[in-house]
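Colleague: Once you've looked at the hints, dock chain D against the given chain A.
Protein chains: 2
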Amino acid sequence: MEFEYLTNVSLEKANREYLKALTDNGFGPESERIRVQNACGRMTADAVYAKISAPHYESSAMDGIAIKAGDSFGATETTPVTLSGKQYTVVDTGDLLPEGCDAVIMVEEIVRHDDGTVKIFAPAAPWQHIRQIGEDICAGEMILPAHVKVTPASIGAMIAGGVLEIEVVKKPKVGIIPSGDEIVAPCTDPLPGEIQEFNSSIFSAMVEEWGAEAVVYSIVPDKYGMIKSAVLKAAEECDMVILNAGSSAGREDYSAKVIGEIGEVLYHGVAIKPGKPAILGICGKKPVLGVPGYPVSGIIVIEEILRPLIGYCTEKAGNGGTEVEAVLTRPVISGLKYQEFVRARLGYVGNKLIVTPLNRGAGVVSSFVKADGILEVPQGCEGYRTGDSVKVKLLASEEKLRSTLVVVGSHDPLLDEIGNMMHTNDRSVYMSSMHVGSMGAIMAMRRGEAHAGGCHLLDTETGEYNLSYMRKHFPNRDVKLVRCVGRRQGLILQKGNPMEITCFEDIAGENIRYVNRQKGSGTRILTDYLCKQYKLDVKKIYGYDREEMTHTSVAAQIASGSADAGMGIFSAAQIYGLDFYPICIEEYDILIPDYAWDTPMVKAMLDTMKSDAFRERIMAMGGYTVDNPGELIEY
Amino acid sequence: MEFEYLTNVSLEKANREYLKALTDNGFGPESERIRVQNACGRMTADAVYAKISAPHYESSAMDGIAIKAGDSFGATETTPVTLSGKQYTVVDTGDLLPEGCDAVIMVEEIVRHDDGTVKIFAPAAPWQHIRQIGEDICAGEMILPAHVKVTPASIGAMIAGGVLEIEVVKKPKVGIIPSGDEIVAPCTDPLPGEIQEFNSSIFSAMVEEWGAEAVVYSIVPDKYGMIKSAVLKAAEECDMVILNAGSSAGREDYSAKVIGEIGEVLYHGVAIKPGKPAILGICGKKPVLGVPGYPVSGIIVIEEILRPLIGYCTEKAGNGGTEVEAVLTRPVISGLKYQEFVRARLGYVGNKLIVTPLNRGAGVVSSFVKADGILEVPQGCEGYRTGDSVKVKLLASEEKLRSTLVVVGSHDPLLDEIGNMMHTNDRSVYMSSMHVGSMGAIMAMRRGEAHAGGCHLLDTETGEYNLSYMRKHFPNRDVKLVRCVGRRQGLILQKGNPMEITCFEDIAGENIRYVNRQKGSGTRILTDYLCKQYKLDVKKIYGYDREEMTHTSVAAQIASGSADAGMGIFSAAQIYGLDFYPICIEEYDILIPDYAWDTPMVKAMLDTMKSDAFRERIMAMGGYTVDNPGELIEY
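Quick note, the sequences are listed as chains A and D, same order. Counting from 1, one number per residue, gives the positions in the first sequence under the working numbering. Counting from 1, one number per residue, gives the positions in the second sequence under the working numbering.
Keep in mind the hints are simulated off the structure, nothing from the lab. Small disclaimer: the values here were computed from a predicted structure and weren't measured. Do not take every clue at face value.
What the hints assert, rightly or not - Think about it this way: if two alpha-carbon atoms lie no more than 25 Å apart in a straight line, the pair counts; the simulated DSS-like pairs of lysine-lysine are: (1) A:K316 - A:K285; (2) D:K400 - A:K149; (3) A:K370 - D:K316.
Just chain A, with the same shape it has in the complex (with noise of 0.2 Å):
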C-alpha cells in the first residue's frame, strides 16, 4: 500500500484504491440476525426458506358439512346417499378439517333432517371444498432470494411459513467525531468566534438516509492525545470513522498524524473542489476519513467517498441521484486541477429545463438546501458556457422542477412568503427564487429563463417605475407587467441612530460606514441616482463598493454595528428592529412573461397575491402599500 502526502489523485483513482486496500483487510458487507417483525426494509443476507407449511392444517373451505368422501360415491339426484349424524361433521369456513374427513359438501347442497342425518345428492371427490396444506406456502419453499428488500407482506409469509429470525445485511455503524477548539454544540446564542457543531448532524442524517447507523461522539479538543483517543475508540465500537476536522487552515494535517499513527493514511488530498483536504485512512479492516469542517467540503467527501463504501455494504448499487441534461444560464468556470461540484438551481422554463449555478463557496450550507442538482465539472475542464447544455444530477425530483414557479429578480422577503402561501395552499406547486436584482429579472425574460420576477426600476427622467424599461425591453409586449405592492424604501439605520443621520446626503459624512446593494439591483440603481442628485462623490462614501444582495443581508450587517448605514426596505430594518429614514414608495411588481402565463405555478402565484391572507401577512411585515395586487400594467 503506498502512502502519499498532500496528494492530488483523481476521485476515481482514490475511490478505487480506497476499495480495494480496505477489501484487502476484510472490509465488506456483514450480516445479522434480526426478528423478522423489524426487518421490513432491510435487505436479505440469505435465501429465506419456509420450516412449515401454510396453511399447516386441513381447514374447511366452505359452511358445510365435512365428511369421509367414500361414504358419498354412488349418491346421485334420483339415489341420493344418507349419512348418519357420525359420518358427518357440521364446519364453517376455516374450521379445522375434522380427524378422519377428507371431503366437504357445501351446505346448500344437503339436506338435512330432524333425526340428525343428512342427504346428499352427488359424491364427494376427495378433498374438494378443503384449504390443504401448504395452498399458500409450502415448507422448503423459497421465500425469499437473498439480496432482496423484506416488504411488509413479505414479513407475513416468513412468519406464516415459521420463520422468526432472518440474517440480513448489517446496517455498518459510522462513527462521526467532531473536533475543534472553536466547534460548540448547537445553541441560539453563540459568542464571537464560536462555530455551531452542525457537521454532525448533517452527516449523520446523510449516512442514516443511505442505510447506515450513526453515532455521534462529543466534540474533541484540538488536543493530539484526545483526538487520537477518540478515533481509536470510535475505530473500536464502528465499522466506518468520519473525523471531521475544524474550518481553520492546516487542521487537517493534524487529522492525518493522528490517522497515520493508529493506522495508515493512504491519500491525504483528493483531485475535487470543494474536499480537496480529505484524508483516506484505513485502520484495520475500517476506513477512517478525514473530512474537512466547512460544511460543504464535508457534504461532498461524505457523499464522494463515504457513500460507496456504504453502498458496498450495505449492498445497494450506485449513487443513486439521476442524471439529466441542462442548459446553463451563467458560466461555470473551473480550475483544470480538480473535478468540481457545483451546486445548481434547475428549473424548467417552457421544456427547457435550466441551470444556475449557486455560491460556491464552501461554509455556506444554504446552498445545499436552495440546490436541486449538482453540476460536475470534470478534472481538466475548464468549465462551461452560458447557453452550454451540461449534466446535472438531480437533487430533487423531475415531478417537483416541472411543477416549482422559477423567480429570478429583485429580492424581497414577500417572495419567500409567496412562495410559502402557495405551497401551502396547493402543495403540488413549489417556488424556486434568485435574487439578481431588477435588471437580472429583465434579462431572464428576455432569454427565456424564468416565469416571473421582481422589478422596481426607477426611471429618472419620468419618476415613473418601471413602464420605460418594459417599452424598451419588450417592445412585442410580449411580458407581462403585474402590480405587487408599493414598499417603503430608505435608509436602514443603526438603532437609536447613534450617528444622527438625518437626510439622504449624511451618507458620505466622514465618520459614517455605508453598506451598499450590488449593481444591477433597483436600489442600487435609486442609490446611484440619489447620489447624484444630491452631488455625492460615490468614492468619498466609505463602504460603497462594499455590496450586498438582499436588503436582509444589508440590514444584518448594520444590525451587527460592522455598518452605520444602507438603502433598502423598510421590512428588513424592522426584522432586526433598526431605525429607518424613510426616503420613497417604490413600486415592486412583477414580471411574468407570456410563455409562462398559462402554468399552474404562474396561476397559484397569481391567487396568492389576491387573497386576504397575503394582504394580512404583508401588512404585518410593515413598509409595504397594497392595491390591488394581481392587477395587470398596461405599458
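Modeller: Structure of chain D alone, referenced to chain A:
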C-alpha cells in the same frame, strides 16, 4: 351521519364520506415540536425562519493581515504605506476579525520587516477578504417553507440559523389490535387449528412505510368485553385504530357491534374484493377500522381505506404507485358487484409489458410477495379477456421489471435456486417464475410471454423427452432447447412406506390415497402414460382428481399424512424426509425463445447454469444428474 349495516357502498363514496365525517369531528393533520437533529425526512408544519445570522461574526476569508482599511488609503506600487505593529494583526482563514479592523490583505501582497512593520502597495477596500455576517443565512430569512421535507443539509442550515427545534407534521399513531381465539403469537410449531398472528406485523410495516407510527397490542380473545376495552384503550392512546377480526365467518359482526357501541359505524361492507367486510367506524375524531382477518383482504382494506387517511394527516399526497398499461395473459373474471383488486405478476418480454393474475385466495399472503402489480377491475365490469390492455398499479419499479427474467413453465425447486444465484452474482437481474406445467411453457413461448420455461415432456411413442414437442410447436426453430438437468421421477411415499407400496400399480390399491399434479404438467402426462401402460383405471385411484401445482406441494400433502403417494421428483421428497420409489430419469430442459436470447437476464441464467456453484447446489439437493447444463440441444 347515516348508519348503514352490511352496506355495499363504492370505495370512492366510502372514502369520501368517511373523511368528511371524520374531519367534521376534528380529524386532521397535527403538528409536534421536535429537535432539529431528529427532523430528517419529516415534513415542516410551519415556515422556519433563521433566528441568528450565519456566520454570526466577521472572519478573515484569507491568510494575511487584518487592518483598518482607512489606514491603507493612498498606497500605490511606487508610494507604499507602512503600517506599524499596532496597525495590523496576522490572521488565518476563518479567524475572528480583530476589533476595529475592517479589511484583510493577503499575505502574498505585503512585505514584512524585521522591526514588525509591514509595507502595503495598494489601498484595501473596506470589507475586502472578509467573510461577512449572514453570508450564508441572515437572521429573519426563511430557511424552509411550510410543508416541505427536511433534508440533511437543511438541518445544518437550521442549526446555523440558531433554530434548534421546529414544528413538524405529527406522525399519526396507529393502534393495531389482533383478535380471535384461534390466533396465536408467531411460533415455529403451531398446533392444528391455530393461526399465526402475522397480520399485525404486515400492517405495522405498511403504516410505518407511509409515515405513521404503529402500536401493536396483544392478541385479544373473542370476548365482547375484552375486545371493547381493548378498542377503548387504543382509541385513547392512538390517533387511528385497526381492529383485526379473526378469519372465520361472522366475526366482523362482533367487531361492528363493539365499534357501534363505543362510537359509530359509518359503513359495514364496502364494494371491494377482497376486503368486503370492512367496517368504517368513528370514535370521536378517530377512525376505528374493522379489518377482515384474511391477510390479503386486510392488506387491501388498509391500503385502500386507511392509507388515504394517513396521507391526509401526514400531508403526503396520493396512494403512490404509478399506473401502467399491460397486456393480459389470462382472462380475469370479476363480479359486477365489487371493485376487485387482483394481485398480478408483470414482466417485460421484448417491449411488451405483460400481466398475469395470481392466485386470488384471500388467505394467500405469498401472492403479495410475488406480486409486481395490482390490477383493478372496476365495479360493474365483468372482467377482461386474454390480450386486453389493462391498467396496473406498479408495486415494483419499471427498472426492476425490465431486468426481470420471466420464467413460465414446469416447476422445479432448482428454478428458485437459479434465480437466487443469478441475482447474487449480478444484483441488477431478477427472476420471476410461474408454475404452469411443461405445456404451459410451450404455450407461453408461442404467445411471446416468457423469456424461459422449464419443460419435461415425454414422447410416449419414442421415449424421448421434449424433442418431438419442440418440432411440432416450433416448426420455425425460433425457440431454443437448452439442456438443464436429468431428474429422478418416482412415487413420493410416506416416511417408512407404511402402506408398503413397491410398484407403480400399487397406487390403485384399495386403501391408498393418491395426490396428483395438474393437467398439462409433464409429471401428470407421465403419470397418465404410466396408468395407461399398467392398464390402471384412473377413476378407481382414490384422489386422482386431487391436483397440486408443484412437486413440493405434493410432498407437503404426503408429509402431512393426508395422502399416501404422489408422483414427483426426488428433491421434493428429500425436503420432507419422505420415502421415494424411483421410476425413471427424465430430461428437464429449458426453452428459450430467440426473441429473449440476447437479453442480459437470459445470459445471466445461462452463466449460472454453467457454473460450478450451480452444479454443487443441485447435487446437494439430490436426485439430479448434471451433464453439461446450458448446452444447446438440436431438434
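Colleague: Mind checking the alpha carbons of K400 (chain D) and K149 (chain A) for me, to see if they're no more than 25 Å apart?
Modeller: Roughly 12 Å separates the two Cα atoms, so the pair holds.
Colleague: For a C-alpha distance cap of 25 Å, please report whether K316 (chain A) and K285 (chain A) respect it.
Modeller: Roughly 20 Å between the alpha carbons, so the hint for K316 (chain A) and K285 (chain A) holds.
Colleague: Between K370 (chain A) and K316 (chain D), does the CA-CA distance stay at or below 25 Å?
Modeller: Roughly 21 Å between the alpha carbons, so the hint for K370 (chain A) and K316 (chain D) holds.
Hint compliance for this structure: no hint is broken.
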